[in-house]
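Start from the sequences, fold in the hints, and give me the full structure.
So you can see what is in the structure, the chains are spelled out below.
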Amino acid sequence: MDFFSNFATALSVAFQVDNLFYCFVGVFLGTLIGVLPGLGPAGAMSILLPLTFKMPAATAIIMMAGIYYGAMYGGSTTSILINIPGEAASVVTTIDGHQMALQGRAGPALGIAAFGSFIAGTLGIVGLQLLSPPMVAIALRFGPPEYFSLMILGLVILTYLTQKSILKALLMAGVGILLGMVGLDNITGKPRFTMGIPKFMDGIGLIPLIMGLLGVSEVLSNVEKRIYREVKKTPIHHLLPSRKDWGQSKWAILRGSVLGFFLGILPGGGAILASFVAYAIEKRTSRTPERFGKGAIEGVAAPESANNAAASGAFIPLLTLGIPSNVLMAILIGALMIHGINPGPMLMKEHPDIFWGVIGSMYFGNVMLLALNLPLIGLWVRILRIPHSILFPLILLFCVIGAYSENYSVIDVNMMLLFGVIGYLMRKFDYEPAPLVLAFVLGPLMETALRQSLIMSDGGFMIFFTRSISIGCLLVAAVLLLTSFIPSLMKKRELVLEKET
Amino acid sequence: MVADRLSSVFWLVIGLIAIYGSVKLGIGSAREPGSGFLPLLASLSISLIALGILLQTFLKTAKSHRTFSSLWQGLRWKRSLYVCLITVGYTLIFEKLGFALSTSIFLMALLKGMESIAWGKALLISVLSTGLCYLLLSFSLESTLPKGILGF
Numbered sequence: 001m002d003f004f005s006n007f008a009t010a011l012s013v014a015f016q017v018d019n020l021f022y023c024f025v026g027v028f029l030g031t032l033i034g035v036l037p038g039l040g041p042a043g044a045m046s047i048l049l050p051l052t053f054k055m056p057a058a059t060a061i062i063m064m065a066g067i068y069y070g071a072m073y074g075g076s077t078t079s080i081l082i083n084i085p086g087e088a089a090s091v092v093t094t095i096d097g098h099q100m101a102l103q104g105r106a107g108p109a110l111g112i113a114a115f116g117s118f119i120a121g122t123l124g125i126v127g128l129q130l131l132s133p134p135m136v137a138i139a140l141r142f143g144p145p146e147y148f149s150l151m152i153l154g155l156v157i158l159t160y161l162t163q164k165s166i167l168k169a170l171l172m173a174g175v176g177i178l179l180g181m182v183g184l185d186n187i188t189g190k191p192r193f194t195m196g197i198p199k200f201m202d203g204i205g206l207i208p209l210i211m212g213l214l215g216v217s218e219v220l221s222n223v224e225k226r227i228y229r230e231v232k233k234t235p236i237h238h239l240l241p242s243r244k245d246w247g248q249s250k251w252a253i254l255r256g257s258v259l260g261f262f263l264g265i266l267p268g269g270g271a272i273l274a275s276f277v278a279y280a281i282e283k284r285t286s287r288t289p290e291r292f293g294k295g296a297i298e299g300v301a302a303p304e305s306a307n308n309a310a311a312s313g314a315f316i317p318l319l320t321l322g323i324p325s326n327v328l329m330a331i332l333i334g335a336l337m338i339h340g341i342n343p344g345p346m347l348m349k350e351h352p353d354i355f356w357g358v359i360g361s362m363y364f365g366n367v368m369l370l371a372l373n374l375p376l377i378g379l380w381v382r383i384l385r386i387p388h389s390i391l392f393p394l395i396l397l398f399c400v401i402g403a404y405s406e407n408y409s410v411i412d413v414n415m416m417l418l419f420g421v422i423g424y425l426m427r428k429f430d431y432e433p434a435p436l437v438l439a440f441v442l443g444p445l446m447e448t449a450l451r452q453s454l455i456m457s458d459g460g461f462m463i464f465f466t467r468s469i470s471i472g473c474l475l476v477a478a479v480l481l482l483t484s485f486i487p488s489l490m491k492k493r494e495l496v497l498e499k500e501t
Numbered sequence: 502m503v504a505d506r507l508s509s510v511f512w513l514v515i516g517l518i519a520i521y522g523s524v525k526l527g528i529g530s531a532r533e534p535g536s537g538f539l540p541l542l543a544s545l546s547i548s549l550i551a552l553g554i555l556l557q558t559f560l561k562t563a564k565s566h567r568t569f570s571s572l573w574q575g576l577r578w579k580r581s582l583y584v585c586l587i588t589v590g591y592t593l594i595f596e597k598l599g600f601a602l603s604t605s606i607f608l609m610a611l612l613k614g615m616e617s618i619a620w621g622k623a624l625l626i627s628v629l630s631t632g633l634c635y636l637l638l639s640f641s642l643e644s645t646l647p648k649g650i651l652g653f
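Chain order of the listed sequences is A and B. What the first sequence shows, in the working numbering, is residues 1 to 501, in sequence order. What the second sequence shows, in the working numbering, is residues 502 to 653, in sequence order.
Calculated directly from the structure, the hints in this document are not laboratory data. For glycine and all other residues, C-beta sits at the position ideal for the given N, C-alpha and C. Mixed in with the good hints, there may be bad ones.
Subject to a maximum C-alpha distance of 25 Å in a straight line, what follows is the list of computed DSS-like cross-link-like pairs (lysine-lysine) [stated by the list, open to error]:
no., chain 1, residue 1, chain 2, residue 2
1, B, K579, B, K613
2, B, K579, A, K428
3, A, K225, B, K579
4, A, K250, A, K294
5, B, K597, A, K199
6, A, K199, B, K525
Some but not every residue of chain A turned toward chain B, in silico, with C-beta under 10 Å [to be verified]:
no., residue
7, K168
8, G176
9, I177
10, M201
11, I204
12, F429
Encoded structure:
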C-alpha cells in the first residue's frame, strides 16, 4: 500500500507543469552534453547549476537529476557513431557499438542502447522507490561514527576507482578536505585559513570551485588539443531492434540493470564502474565470447543498461543518507544546500516534494529520453558537427555568467578562473579533480561527525571500531587501500585501467 | 625536471604550510577537538603522500618519468593561455562596459583568436549568442546583469 501511495505522491509532484518542463529541459541538456565529447556531465552540471538559483528546490533538483541521467543516454550516440564516448560511462559501448556501426548496423545499436537504457532506468527507479523507505529507516539509526566511517569508505572507493595514481587521488582527497575547512569554524567560530580575506569567511564557494575545476579546466585542456571528429554520413535505419536482437540482448539488459543498480548504490561507485563490470560479465558468461569486440549487440545492451541503472541507484545514498556516492551526486548535494535544504534521512519526511518529486520525475524523464534519443537521432548527429571553436567560447561564457550570478560578484568569477587554471594543471600532472570535489563537499560533514563521535565517546577513537556498521565500512576501506598497494595487484589494476582508457 | 617530482614538492610545501596553520589554530584534545584537528589530519596526509610520490620518482626507472616540458609537447598551449587572458580581460570590463558590450567583445576575441573564423561570422555568432544569453538570463531567470555604459 505504501508503495502505491508513495507512487501517487511522486507522480503528483512530477506531473506539475513546471516540473515537467524543467525535467524536459534537464534531460534535453543531459542528452546534448552526453552527445558532445569534451564536456562531461560533471562539468556540465556545474556550469548549469546557477540556472537553478531562482527555481523552487524540487524543480531545481528535478532538472539537475535530468541532466545526470540524460547524459547517460546521450553518451552512447557518439560512442556508436564516431567511436568517441560522449562521457566516461559510455567508453565501453564504443567497443561493440562502433563495430556495429561499421557493419551498417548503427540503427539497431542506437536502438538497443536507447531501449536498454529505458528499461534499466525504469527498473532502477522502481528499485530506488522500493529501497529508499527502508534505507531511510536504517539511516535514522546511523550515528555520527557510522556517518564518518561511511564517508571515509566513499572517499576510499572513489580514489580506488580512479583512472590514474591512487596516491595522487588520495592526496587530492586531502586537499579537498582542507579546502572545505576554509572559513569560520562552525563550532568555535574561529576563522580558518582565510588569509585575512573577508570573502573567505564564508568559506570557498562551491560554485566557483566546481565550475573551475570541472568546467573551465575541461575547456582549457581541450582548446589546446587538435580534435578531429569525422561524422560519417552513414544512413541510420532500422532503429527498432529485430526479434533476434532482442533475443540476444534481453538477459544482458536485465543483468546490466540489476548489477548497475547495486553498483550505483555503492559509495564511490557509479555508472562508469557499472558499465565496465556489466560488459566484462556479459563477455565472460557468453557462449560465444569471440563475438565481443566484433559487433555483439549484448556488448552495447549490457553497459548502456548498467550505466542507466547505476544513475538511479546513486540516488539512494544521496536521498536517504545525504551522502554523495560520486562527484555528480556531490554537485546535487551542492544544489540542495544552495536551496537551504539539508540532505539526509529527514529529507523524505521534511521535504517529500523533493524526495518523491525527483523519483517521480525520473519516470517521465525516461520516457522523454526514449523519445529524444530515437526519433531525434538526426538532430544529435547534426549537433555533433558544430565545431569546437564555436562551442568552447559559449561554454566558457556560461561558466563566467554562472559564477557571477550566484552573488553578482566578479571575485567569484576570478575564483572560478583560478580554480580553472589549478584544475588544468592538475589534469596535466595527472591529479584527478573528482576526489577533491567530493572531499570538499564531505569535509565539513566529516568534521562534524568526527567531533560528535569523539565527544560521544569521551575522546575514545575506539567508538569507530566497536559499532558494527562503522567497523564494517572501515574494514572495507582498509582492505581496498591495502590491496591497492600490493605490487602484483597494482600491476593488474594498471593493466585494466590501461585497457579502459 | 621530472613532472611528478615538481608536483609532489609543491604539494609537500602546501602540506607543511597547512600543518603549521592547523597547529596554530589549535588542535585541542581527543575529548574536545579544536579547529585545527581535522585540518591537521588532512595536511599530515597531504605531506606524507606527497613525500611518497616524491620518493617514487627516485625509485622508478628514468624511462617511466614524464618531464615538465613533455606535458605540453605537441599541444597548442598558447591557446589555453590566450583563453585565460581573454577571460581575465572580460572580468575587468564586465561591470564597466555592461553585459552586452563586454560579452560581445569577449566572444569575438575568443572566436577570432582561436580559429580563423570570418569576421562577419564571428560577429554574427557573438551578437546572437549575447542577445540570447541576455534574454534567457534577464527575463527567464531574472538575473541582474551589469548595465554599464550602454544601459543594458
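Indices of hints not satisfied (ascending): 10, 11
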